[in-house]
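What the sequence shown shows, in my numbering, is residues 1 to 190, in sequence order.
Source of the hints: derived by calculation from the structure; they are not laboratory data.
Cβ-Cβ distance ranges computed for the label pairs, FRET-style: (1) 25 / 102: 25 to 35 Å; (2) 165 / 104: 30 to 40 Å; (3) 162 / 54: 36 to 46 Å; (4) 71 / 188: 38 to 48 Å.
This one's a predicted model, so the numbers in the text were calculated from it and none came from an experiment.
Idealized CB from N, CA, C, for every residue including glycine.
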Amino acid sequence: MKNPALIKRLRAGLKSDETGNKANSLIFLHRHGFNIPLTYLVTIRAYEIYQKEGSLVFDIIRKEVLELPDTTYAIRSSTTVEDSADFSFAGQFQTLINIRGTENILKAIQEVWDSASLLKNNEYLCRTRISTLKCAVIIQEMISSKLAGVSFSRNPVTNQNEIVIEAVEGYGEDLVQKGITPLRWRIRKN
Numbered sequence: 001m002k003n004p005a006l007i008k009r010l011r012a013g014l015k016s017d018e019t020g021n022k023a024n025s026l027i028f029l030h031r032h033g034f035n036i037p038l039t040y041l042v043t044i045r046a047y048e049i050y051q052k053e054g055s056l057v058f059d060i061i062r063k064e065v066l067e068l069p070d071t072t073y074a075i076r077s078s079t080t081v082e083d084s085a086d087f088s089f090a091g092q093f094q095t096l097i098n099i100r101g102t103e104n105i106l107k108a109i110q111e112v113w114d115s116a117s118l119l120k121n122n123e124y125l126c127r128t129r130i131s132t133l134k135c136a137v138i139i140q141e142m143i144s145s146k147l148a149g150v151s152f153s154r155n156p157v158t159n160q161n162e163i164v165i166e167a168v169e170g171y172g173e174d175l176v177q178k179g180i181t182p183l184r185w186r187i188r189k190n
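Please build the complete structure, drawing on both the sequences and the hints.
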């Protein structure tokens, strides 16, 4: 019997135990008519193999990465803790942009997984009282952006019932990982 693929095209029908929350959100958007870039997913199962066997998993993944279109990608986390109803985890996991080529993609996947492993003792994670964290990795066709950002359905700092939108010119990683001061909108109900 052939082992199931560790990298899958992101589409409806993937099981939530292999996707993580960010991938589930992308599937939801696509199902409701939004265009999303060409997206693949390194499953949570691959992360579990990585945690048990280390870099041996890359021998399997390498073959699958070679089958991906030769284009530039953003490599992003899709964990079971981020983008949930209770916690965002924005900027807590590694995101790498403008990645091209098999070895660079493999290195980026490992960096995302390592950022998830490092978070286990993170103060933010400890305050959430979440005990398990599983990490899939999104491999998404890179789209140049003029403006990018993050929106929160609840203020992540004050916990007030208001929508907070932050954006920067250029890539979203400039906001969530480099800490560039964003444009900010706060929308309160009523």
